Amino acid sequence: MIAQRLLGILEDVSGVLGSFVVAPEGDLLVRSMPAEFERAELELTASRVARILQCSSANGIPPQDGVFDFGEGKLWVREFVRGYLCVLCSSVVDMRSLRLTARLVARGLPSEL
Amino acid sequence: MKPALFQSQLFPSRSVPSERVPSERAPSEEPRTGIVRKMVARPSQLRAIAAVRPRLQAPAWRCLEPTQPEPRQVSRRDSSVSVARVSREGERVRQSGPDEWLPEAAEFVHRAALLVAQGLGFERCRSVCLQGPRSVLSVTDAGPSTITGVAGPARQLSNVLRNRGLK
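Residue numbers (our numbering), protein chains in the order written: chain Z, 1 to 113; chain L, 1 to 167.
These are calculated hints, taken from the structure and not from any lab test. Just so you know, these numbers come straight off a predicted model, no measurement behind them. Ideal Cβ placement from N, Cα and C applies to all residues, glycine included. Accuracy of the hints is not assured; some may be wrong.
[Said to hold, decoys possible] Across the chosen pairs, the derived CB separations fall in these ranges: (1) Z:Ala58 / L:Arg88: 14 to 24 Å; (2) L:Arg111 / Z:Glu38: 16 to 26 Å; (3) Z:Gly60 / L:Arg88: 24 to 34 Å; (4) Z:Gln4 / L:Pro98: 40 to 50 Å; (5) L:Gln118 / Z:Leu100: 22 to 32 Å; (6) L:Arg162 / Z:Glu112: 28 to 38 Å; (7) Z:Gln4 / L:Arg92: 41 to 51 Å; (8) L:Ser80 / Z:Arg51: 20 to 30 Å; (9) L:Glu91 / Z:Gln4: 42 to 52 Å; (10) L:Glu100 / Z:Gln4: 42 to 52 Å; (11) L:Gln156 / Z:Ser97: 23 to 33 Å.
The following block holds chain Z by itself, in its conformation from the complex (with noise of 0.2 Å):
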């Protein structure tokens, strides 16, 4: 599946663990993450990713870009067609390699997901 491999370009990127893509109500539409991930979880936690953008949309700012910042790791959003690419990283990720593979990850995933 062609938005997997993408997805698994990511992880060439160092300190890149895993992604997933959300759609804007919330949908986990696909993953690539570690196994300790379980779906159910990363379903629940997709919805709240998806919840939080919403939240700002609603107050006219509808984010294109996001990072959600846990300390020891991060949370690096981007918007694309479809819904919300998530990628979760270490806090020693090159937010510049990051952001320039993520981009490209995102305007490469299908439109039909």
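Start from chain Z and add chain L according to the hints.
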């Protein structure tokens, strides 16, 4: 016989002009006393003045300084940054700026981001920064009991974007 006081001692031949009605005096005959008096211009002189300095006829005062640019009309979103400080229980500690929604949104984002962090195996979420096409929303832990929310134009919050790695 006129008193000697009115006669020039240096040029005795020059005599004091005889007294005439002021309106009959020619401008070249005016004594140079330093006192200014209103001149009544003849119609031909008025036309000449008007040709050279037409603004003399303008009724209003003018500023002689170079034209200043008019104040830029800015939208509310362009003008200022909003800051809200909220306790973890959701009480407003401090708020400034035009975005009334910010305290509630900051509290919601912080609570949801904590659940996102826990769902991904972390203890807490230190900050969330969301960048829109022109604006930014940032929610940060501001100590053990308070959260700070900031919203405003991306131009003015570029340092926040840089610190979060979004720029």
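Violations among the numbered hints = Result: no hint breaks.
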